[in-house]
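Peer 1: Protein sequence lines, in the order shown, are assigned to chains A and B. Quick note on the working numbering: the first sequence kicks off at -19 and runs consecutively. Quick note on the working numbering: the second sequence kicks off at 4 and runs consecutively.
It is worth saying that the hints were derived from the structure and are not from the lab. Possibly wrong hints are sitting among the right ones.
Quick list of in silico lysine-lysine cross-link-like pairs, DSSO-like style, CA-CA up to 30 Å [claimed, not checked]: (1) A:Lys226 with A:Lys410; (2) A:Lys147 with A:Lys265; (3) B:Lys80 with A:Lys226; (4) A:Lys265 with B:Lys80; (5) B:Lys60 with A:Lys265; (6) A:Lys226 with A:Lys265.
On a predicted model such as this, the values are computed, not experimentally measured, just so you know.
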Amino acid sequence: MDTLQYLGQGFGVALSPNNLVTALAGTTIGTIVGLLPGLGPINGVALLIPVAFALGLPPETALILLASVYLGCEYGGRISSILLNIPGEASAVMTTLDGYPLARQGKGGIALSISAWSSFIGGMIATVGVVAFAPLLAGWAVSFGPAEYFMLMVFAIVCLAGMAGDKPVKTAVAVLMGLMLSCVGIDANSGVYRFTFGSLGLSDGIQFVVLVLGLFSISEILMLLERTHHGQTAVRASGRMLFNFKEGASVFGTNIRSGLLGFIFGILPGAGATLASAVAYMSEKRMAGASGRFGDGDLRGLAAPETANSASACGSMVPMLTLGIPGSGTTAVMLGALTLYNITPGPLLFQNQPEIVWGLIASLFVANVILIVMNIPMINVFTRILSVPNWTLVPAIAIITSIGVYAVHATTFDLFLMIAIGVFGYILRKLDFPLSALLLGFILGGMMESNLRRALSISDGDLGILWNSPITLGLWVLVAFMVALPFWRAYRGRRALPLPDAA
Amino acid sequence: MLYHRLFAACLLLACVGLGLTAWGYHAPYSYEPVGPRAYPLMLLVLLGAGALLLVCKPRLETGDEAEPRIVPAMLRKTLICLALMLALAALFERVGFIVTATLFGFGMARLFGGRWLPSAILAVVLGIGLYFLFDRILDVPLPMGVLAVLEN
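Assemble the whole structure, with the sequences as input and the hints as a guide.
Peer 2: Set out below in structure tokens:
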């Protein structure tokens, strides 16, 4: 078994003292970032990129740091959902539905431990899935040419809009805005300056750290202005801290089902953790039928979204590593980090730099174990962080964000650009456009254009190359299906359950 | 629906404007069949179509309750917050990180409802603490500005 041998090598990388410390630091930072308002996995990961760069971390260590922060966020998001009824980030919205009632009933400790356990199982199922699927997909994707890649990205984008539930048009518009923003700067093929309007700062394009921090941090700070509360009084996690065997067994089926579901949603481009947790919750609720007390403190209702969101976080590594196409906002940021290191993710990465890929996959296992071990005894420390009032938190977040942006190029132009993007993001949020779609468009934009132009160079301008191979044709069918999906949904009437958006 | 429609209209105008700009992009020497302008123009056509749809049918995906309301007190706070951030950006290099971050931190802490003294203490701690954390420990160089004289 080649895979197992590679995985062994990966563990060699992940368990080296440096990387182990990195994973420990990453999971701690991630948990804190996940539970604080105003910071989520996307800007948490983006903030660490300049730091990883400045510290001169080797690429595999940097990637392990970012991945463990990501997983930590999925763990941390649940704490404020359960104790405060406020989701720390979008994918923890469903966790509030049953988590908060449990805490109110004095079962906060059980809720926290069982949700940590669920996250652990979800992460493990999905990581095993990554080990099984990623090499297969990578082996298959080696034969992809530029035309196939272009179509794959079109599919990813259409998928994003098709899965967006109640607002496909807004999602599509947001993606297109992201794609347009990626056109800014010198065109690599011809040297023409595009949309720079004579500005020197824009000539090598918008830095993605600037875009991410503007869109997600600055706009979030402006949103927080509307709820300037003075810290919150969390429900105290009292009573028994650990769930017992019976409770664990009662949610085991839910864990397995939601884990598989989350993994599949993670692989699909654009679906992501938010959708995965919502679908997992809904389907468990339907399965339980009358026997469930969903919405009223059912353990299954807590386990389902928590399992699904961490499974989907791990699952979203599959398209990022094998195809170089991100499946979620956070993996989009990680992809951007890799390009800063001049590493192009894709099938060849498995052949050329196995230590990066397998080190990352092994570190997903390691991070999951660290998180479950850390979360149960340290829960009181994390709960205390929740009571930090906004007036201390927001200035710190704002200053750290500015440092992160300044660190990229050491110009204040980027700071102004970040504020401008932040205001734009704030307006988009107010008008209910999904920001993560814009981010995905921005990350995919450059690759999409260069693949399209390369494909048309190969065929000497003949558009036929975009549908002449069986793979591209198959992708067209999928694209057509995804375009048709919203229309079919609208046709079925507006009976569909509203899903929280992925912003 | 006014703001939604207004935004979509601005987007549409921007598409037209950017389209006119992009029309002029021309590669002096070209080795490939697709020039620098085809791809952005294609995107702009799609984006424009989306914007047009949202101008004509703003209710398509938004209920009336989703219309943002502008509250004067909120707007004032938002503008102050923006002014603080712009000041931070403008003074970051000229005055130096520590002083700027302290002033900015104080302003933001007050804006988010902190009391005078705790805000001032927080701001000083943030300004100096973050400087040492990033510049000295994490190797992210930050400008000293006016405090450069203190460095030997």
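Peer 1: With reference to the structure, classify each hint as holding or not holding.
Peer 2: To see whether the hints hold, each was checked on the structure:
About 45 Å separates the Cα atoms of Lys226 of chain A and Lys410 of chain A, which puts this hinted pair outside 30 Å; it is violated. This hinted pair checks out: Lys147 of chain A and Lys265 of chain A have alpha carbons roughly 24 Å apart, not beyond 30 Å. For the suggested pair Lys80 of chain B and Lys226 of chain A, the alpha carbons sit about 52 Å apart, so the restraint of at most 30 Å is broken. Simply put, Lys265 of chain A and Lys80 of chain B have alpha-carbon atoms about 42 Å apart, too far for the 30 Å limit, and the pair is violated.
For the suggested pair Lys60 of chain B and Lys265 of chain A, the alpha carbons sit about 35 Å apart, so the restraint of at most 30 Å is broken. The hinted pair formed by Lys226 of chain A and Lys265 of chain A meets the criterion: a straight-line CA distance of about 20 Å does not exceed 30 Å.
Violation of the numbered hints given earlier is confined to hints 1, 3, 4 and 5; the remaining hints are satisfied by the structure.
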